[in-house]
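Can you build the whole structure from these sequences, using the hints too?
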Amino acid sequence: MSGKEYSGAEIIINSLVDLGVEVIFGYPGGAVLPLYDALFEQDKIRHILVRHEQAAVHAAEGYARSTGKPGVVLVTSGPGATNAVTGLTDAMLDSIPVICLTGQVPVHLIGSDAFQEADTVGITRHCTKHNYLVRDVDILSQTIHEAFYVATSGRPGPVVVDVPKDVQIFTSSTVHKGQVKHRSYRPEVKGDINAIREAVKLLSGAKKPIFYTGGGVINSGPAAAQLLREIVQFTGAPITSTLMGLGAYPASDKQFLGMLGMHGTYEANHAMYDCDVMICVGARFDDRVTGRLDAFSPNSKKIHIDIDRSSINKTVRVDVPIVGDVAHVLEDMLKLWKASVLEKGQQSYDDWWVQIEKWRERDCLKYSQSDDVIMPQYALERLQELTKEKDVYFTTEVGQHQMWAAQFLKFEDPNRWMTSGGLGTMGYGFPAAIGVQIAHPNSLVIDVAGEASIQMNIQELGTAIQYGLPVKIFILNNEYMGMVRQWQEMNHGSRYSQSYSDSLPDFIALAKAYGGHGIVVDKPGDVDGAIKEMMETDGLVIVDCRVEKLANCFPMVPSGAAHNEMILPEEEEIREFEGGAALV
Amino acid sequence: MYHTHKEIEIAARHTFSIIVDNEAGVLARVIGLFSGRGYNIEHLTVAPVDLQGSESRITVVTTGTPHVIEQIQAQLDRLVPVHKVGDLTASGPHIERELALIKVHCQNEKQQAALRIAEAFRAKIVDSSFESYIFEVTGKTDKIRAFIRLMEDVGLVEAVRTGVAALTRGAQPL
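These protein sequence lines are chains A and B, in that order. Under numbering that gives the first Met the number 0, residues 0 to 583 are what the first sequence spells out, in order. Under numbering that gives the first Met the number 0, residues 0 to 173 are what the second sequence spells out, in order.
None of these hints come from the bench; they were simulated from the model. We put the beta carbon where it would ideally sit given N, CA and C, even for glycine. Be careful, since some hints might not be right.
[As the list claims (entries may be wrong)] Taking CB as the label site, the calculated pair distances span:
no., chain 1, residue 1, chain 2, residue 2, range
1, B, R36, A, K206, 53 to 59 Å
2, B, A10, A, Q178, 41 to 47 Å
3, B, R148, A, D286, 49 to 55 Å
4, B, R36, A, Q115, 27 to 33 Å
5, B, A23, A, Q41, 46 to 52 Å
6, B, I94, A, D135, 37 to 43 Å
7, B, R36, A, V188, 22 to 28 Å
8, B, H66, A, E564, 24 to 30 Å
9, B, H66, A, S500, 40 to 46 Å
10, A, I44, B, I94, 54 to 60 Å
Below is the structure:
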C-alpha cells in the first residue's frame, strides 16, 4: 500500500483519533518531543498536562472508570515511564483499560545506558496486560490499534506502547484501518451454556443463595448492571458487592446487603458464611473479601462467572465455573431461570430473609455520635445526604476514609465510584477525580481523602487549577495514617510507629496558594454548612474536615479471621491477637 | 494469630508445551510469570518450530500440586502472545527426550569403562583426544542422570543438557 507518507508521531496521533480518543493525560520530555510536536499541530485531541506521571495514569483510570472508555497516557522515556509504573500496576490490579505511550531513546541507543533510558518493556512487563516496543514505523499504526484491542477486550488492563524517538520521526505510508484480529489473543465472551444450565439448576434449588458481585459487572458495561438488577430482583435473593463493584446494584434496594469483606457489613459477611449457594459475578475472591480461606463460606456450592479463566479456582475452589463476559452470561442465565420458574415455580427465601434481617438488626455501621468532635462516619453520612440528589462522582484515596466512604456513601449506578481496590494506592483519588472531571465537566466530583493520602499527589492542584476543574477534595483529617494506626493499635500494642501525620500543611492556605478555595470545619454542627459551601463554590475546593483522631473503622473481619468472626463497633475492646501480628 | 493456608495436595512433575508468537520478550514473559508467581521451573527449552520462524515452542517442566498446575496452565494461557498451552502430563501418553553432552577425562582401564558404559547407553563419541571424550547421549531425564552419575566415577569434567523436549503420542497435534 503506497500513499501519503506520515511521520511516526503523526501516525500515532491519527491512530488515536481513529480510535475515538479525545483526551490524553501526559507530561512531555526529550524522547516524546516529536509526538508533542504532532499534538501541537492538531486540535482533535486534548492534552491534559499533569504535574507527575503517576497522576497521569490515575487520571486516565478515573476517566476510564467513569466513562467505560479507555484512558490514554503519554509520558517520556526513563523517569517518565518509571513514574508511571505505580499507576500501571494500579490499573492492572483493578482491570482498568489504559493505554500508556512511552517515549524511548532512539533504536540505535537502546541498551547503551543512554540519557533517560530505562528498559520500559522489561520494567512494565509484570504490571501491564501486555506491552510493545515498536522498532519499526511501518507497524506503528497496527500496534496502536492492537494495544487498544488488548486493553479494552477480555479482562481489561493497561497496555504500554514504547516508541523510540527515531520511530516517531521516521515516515511510513502504512496505516492500519478497521478491526484488529489478533493471532493468539482471543478472549471468550460467551459462557458455556451447559455450565450456565448447571448454575441455574443449583440456584433454583437453593434455600439460602447469595449474589457476590464485583468490578467485573461494571467492566462488562451498563447492560451487565441492568441484567444483574433484573436477575437479582427476579430471584428475590440477597446481593452483596465488593469494593470494586459498588454501584452495579442500587445501594438503596432492600435486597442489597452492603459491601462484604474485611470492612463489609455484618449481614453481608454472615450471609456469605451461611449461604448454601453462592454466585460470584465478576469478582475474584480477593483476600480482603474472603478472610480466612479455610473457613470461607464452608457449606456452600459456589458458582463463579469470570472472563479470566485464571481467576477461577485461584484461591477458592468453585463447583460451577463459567468463563465469559458477565452481560452475556447473565443474559443466558436469566432466560434459563425464567424457563425453570415456569416449569417448577420460584423457590421461596422467606426463612433466609428472616435470618438476614436478624443480622441487619445488629446495625453494624452504628457509631457513637459526639457534640464536640466530628465523627468521620457522620461527615460522610452528611456528605451522602447532601449530595444524593446531585449528579455526583466519588473517588477516594486509600485507608480508613476509603472504607468509611464505601460504607456510608450509597451508589445507585455503576461508574460513579472510583477507588484503588487491588493495589491500594494512596494518592489515587485526587488525580482520578481530575480524570473524572475532564470526562464530566458539569458534574460534581468529590475526592474523599485522608490528610496523609492527599499529600501523595498534592502537586496535581496545579493541574486542576490550570484546566479550571472544580474538583472537591474532602479531607477527613485525623492527623494519622488512620488505617496504619488502627492496625498498630490492634496488632502491635498501640505502638504508633511513624503513623502520625506531623507537620501538616495549612490546607486552606495551600488551596489558596494554587488559586482554589479552602474550608476548615471542626464542629459537628458546622459540617452541613461546610459541605454546602463546598458545593456552591465554583472551582476547586479543599475541605479540611477535622475529625476524631482515634476512631477505628468497624465492623471488621480481623486479618486471618473468618467472616463470622467480625468485630462490631460496640465491641471496641479490641482483642489482642496471640501472635501479636497479622500476616495479611 | 498466624493462619497459613495449608496445601494438603501432593506436588507432582508436569511437562507443559507452550506455542508462542516468536516475538521479542516472549520468553521473558513466560519465565517472568513463573518467577513472579512463585512457580518452579526444572527444565526449559525454547526454539522456533515452524519454517517461517514465526512461532516458537517452549517446553517447561515444573512441579506443583494439582491446584498450582491448574493455575500455571490458566496463567500461561492468559499471556497475549501465547497461542496454546498443553499439560502433556495430564493429557495422556507423551514422549520426552533430552540431549546431553558429557566431557570425560580418563586413561587406561577407565577409558575402557567409559566406552563400555557409553555403548550401553547408546551414547555417541562426538569429540576425542588422548585422554578425553565428549559423549552425546539422548533419552529421558532419568537416563541422562544415570549416565552422568556413572561418568562421575570415570572422570566427569563437565556436562551440558538441553532440557526436556516433549510431544504427545499419536497423530494429533497439541
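A quick look at each hint next to the structure:
A hinted range of 53 to 59 Å is violated for the C-beta pair B/R36 and A/K206, which are about 38 Å apart. Taking the beta carbon of each, B/A10 and A/Q178 are about 44 Å apart, inside 41 to 47 Å as hinted. At about 45 Å, the beta-carbon gap between B/R148 and A/D286 misses the expected band of 49 to 55 Å. Remark: the range hint 27 to 33 Å for B/R36 to A/Q115 is upheld by a beta-carbon distance near 31 Å.
Against the hinted window of 46 to 52 Å, the Cβ-Cβ separation of B/A23 and A/Q41 comes to about 31 Å, which falls outside the hint. The beta-carbon spacing between B/I94 and A/D135, approximately 39 Å, falls within the hinted interval of 37 to 43 Å. Look at B/R36 against A/V188: about 26 Å separates their beta carbons, and that is inside 22 to 28 Å. The supplied range of 24 to 30 Å is met by B/H66 and A/E564, whose beta-carbon atoms lie about 25 Å from each other.
Hint check: B/H66 to A/S500, Cβ distance near 43 Å, so the stated range 40 to 46 Å holds. Separated by about 55 Å at the C-beta atoms, A/I44 and B/I94 satisfy the suggested range of 54 to 60 Å.
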